[in-house]
Amino acid sequence: MELGISSLGDLRHDPSEQTPADIRDRYRYIVDLAVLADQGGLDVFTLGEHHRPDYVIPAPEVALAAIAGVTKNITLASGVTVLSGHDPVRVFEQFSTLDHVSGGRAEIIVGRGAFVESFPLFGLDLNDYDAIFDEKLRLLLRLRDEESVTWSGNYRPPLHGAQIHPRPLQDRLPIWVGVGGTPASVVRAGLLGLPITMGFFASPEQFVSRVDLYHRAAEQGGHDPSTLRLGAGGHMFVGKTSQGAREQFYPYYSRYLDQPGSPFAGRGMPREMYEAWLAGSLPVGSPQQVIDDIMLRVELLGIDRFLAHIDMGYLPWNMVSESVELYATEVAPVIRRETARAMTP
Amino acid sequence: MTTVGIIGAGKLGSTLARLSTDAGHRTLVAGSGELGTLPLILSVMAPAATAMRAIDVAREADIVILALPLGRIGELPAAQMSGKTVVDALNYWPQTDGVIPEFEDGAASSPAVARTLPESRVVKALSHLGYHELQDDARPAGAADRRAIAIAGDDLDSVAEVAALVDSLGFDPVVVGRLDEGSLFGPGTDAFGVSLTAEELSRRVDARRASLAGDSRRG
Numbered sequence: 001m002e003l004g005i006s007s008l009g010d011l012r013h014d015p016s017e018q019t020p021a022d023i024r025d026r027y028r029y030i031v032d033l034a035v036l037a038d039q040g041g042l043d044v045f046t047l048g049e050h051h052r053p054d055y056v057i058p059a060p061e062v063a064l065a066a067i068a069g070v071t072k073n074i075t076l077a078s079g080v081t082v083l084s085g086h087d088p089v090r091v092f093e094q095f096s097t098l099d100h101v102s103g104g105r106a107e108i109i110v111g112r113g114a115f116v117e118s119f120p121l122f123g124l125d126l127n128d129y130d131a132i133f134d135e136k137l138r139l140l141l142r143l144r145d146e147e148s149v150t151w152s153g154n155y156r157p158p159l160h161g162a163q164i165h166p167r168p169l170q171d172r173l174p175i176w177v178g179v180g181g182t183p184a185s186v187v188r189a190g191l192l193g194l195p196i197t198m199g200f201f202a203s204p205e206q207f208v209s210r211v212d213l214y215h216r217a218a219e220q221g222g223h224d225p226s227t228l229r230l231g232a233g234g235h236m237f238v239g240k241t242s243q244g245a246r247e248q249f250y251p252y253y254s255r256y257l258d259q260p261g262s263p264f265a266g267r268g269m270p271r272e273m274y275e276a277w278l279a280g281s282l283p284v285g286s287p288q289q290v291i292d293d294i295m296l297r298v299e300l301l302g303i304d305r306f307l308a309h310i311d312m313g314y315l316p317w318n319m320v321s322e323s324v325e326l327y328a329t330e331v332a333p334v335i336r337r338e339t340a341r342a343m344t345p
Numbered sequence: 346m347t348t349v350g351i352i353g354a355g356k357l358g359s360t361l362a363r364l365s366t367d368a369g370h371r372t373l374v375a376g377s378g379e380l381g382t383l384p385l386i387l388s389v390m391a392p393a394a395t396a397m398r399a400i401d402v403a404r405e406a407d408i409v410i411l412a413l414p415l416g417r418i419g420e421l422p423a424a425q426m427s428g429k430t431v432v433d434a435l436n437y438w439p440q441t442d443g444v445i446p447e448f449e450d451g452a453a454s455s456p457a458v459a460r461t462l463p464e465s466r467v468v469k470a471l472s473h474l475g476y477h478e479l480q481d482d483a484r485p486a487g488a489a490d491r492r493a494i495a496i497a498g499d500d501l502d503s504v505a506e507v508a509a510l511v512d513s514l515g516f517d518p519v520v521v522g523r524l525d526e527g528s529l530f531g532p533g534t535d536a537f538g539v540s541l542t543a544e545e546l547s548r549r550v551d552a553r554r555a556s557l558a559g560d561s562r563r564g
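Taken in sequence, the protein lines are chains A and B.
Residue numbers for the first sequence follow this note's numbering, beginning at 1 and rising by one.
Residue numbers for the second sequence follow this note's numbering, beginning at 346 and rising by one.
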């Protein structure tokens, strides 16, 4: 079982502060977060790509390279690389570079993206949303799996015996697919035999059917489902006491969800929905509460990786660092013990 | 038995397909373009539903639910939906639809859907709850914790037809008013994205209407 931290680098302004949010501060915060996760023995750190004024990370692999220099063991992944906007050749070169500078700790999590702002930015037609992603994902896999690639498609000039130099340090650079709830995304990853990270916040039982669909697609694609890695990621906050953590986290979470594209845009998260999500296993509460929430995902979905998104909505550093410390010292050891026991026949 | 057609097989469409088959309706589902992996998707997400092309769904269904991105309504088989009740379950999300100028001023989506389908009777419904809530909160009629879904439409027979469909899917129908009043439960309103009882949903829609009327009187 792998346990990790994900950040999207959202830039929210704390209304109690006079000065506007500072991008350099946000980056220091992100690097400190990665160092804390690494020192706490967590397994994975991911950064997600956005091209918006309220997010600071358009190029996760650049930030991850800086983090590689101040961490030792933790896997460094994008989460997600919005692949449609990019040339898969360049993406693979960048992560091959990251793999070398990090001593073999690089990983790519690709996705279609929850926002489409990269489409006009990179000159893409939104009508081709899915077709572009599909083509580029398949090319990225060939670049990983073959030393020399001859290829042609619709959204990039052809390749004739193209080679990537240097090849990544790892024999097979891990490529995962980040999925929301779209059934067709799960099917694509299953048919290709790729590991998936499922992004959702509450109601893990709603993903039972999606895992079933993923496994059936994998079988249809000739892949043994039992060999495929499966991850889940979502919002999390750990505090010393359950009620204390839930009260402490709510104003920040509500403000974070007051953003374009959220059902709560313009008004924040209504308290009744927060309570409904908590009742539906949103992992916010005491260490024991969060252990139960993560174990519920393990039992229902069979995940072997969980990525916790903690640092959202101008959550002050002391709250984030305490949450990460509790995650590393009180939650992770129990999850690892419980899942190791479950693996033993 | 009603034949329910659903155009769109993403998060919303696949969830509605399951609710519809659970309600005992013959359910036909179309994704984008050819069938592709849709039969596999339905075999897990809604095993009693049938995968078809959109044009066949439109032709065979008694009532059609639109569950595709708003930006793609131009691709709908309008002629095959002529004279039929069409449920507009869509919302404008520039973050995922891309910017569509006509909706940028907060205009309701339904009048645009109605212009695209001039021969159909368009009703706004199933649009203000996410797929998580639709799946989690469906309950049999009379259940104490039953939640509600708002409906807006100009044709009273179609509104009644959609109210019966909503009830069969597991929610109390709340008829709000004319088609363009669908914006009273659109994104940004207190009724949107929150699972509510019929009484509370009506109260929030009425409050929104009263607040807009107050603004226009003052303005």
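Worth flagging that the hints you see were computed from the coordinates, not collected in a lab.
Each hint should be verified, as a subset may be incorrect.
Coverage of chain A stretches by chain B, computed from C-beta distances (three or more under 8 Å per stretch; other residues unrestricted) [claimed, not checked]:
#, segment
1, 64-76
2, 112-118
3, 155-165
4, 172-183
5, 258-265
Predicted, not measured: the structure shown is a model, and the values here were computed from it.
Quick reminder that beta carbons are idealized off the backbone N, C-alpha and C, glycines included.
Here is what the structure says about each hint:
1. 64-76: violated (count 0)
2. 112-118: holds (count 4)
3. 155-165: As far as the segment 155-165 of chain A goes, the hint is violated, because 0 residues have Cβ atoms under 8 Å from chain B.
4. 172-183: Coverage by chain B holds here, the residue count being 4 at a Cβ distance below 8 Å.
5. 258-265: The restraint on the segment 258-265 of chain A holds, since 5 of its residues have a Cβ under 8 Å from chain B and three suffice.
Comparing the model with each numbered hint stated earlier shows that hints 1 and 3 do not hold.
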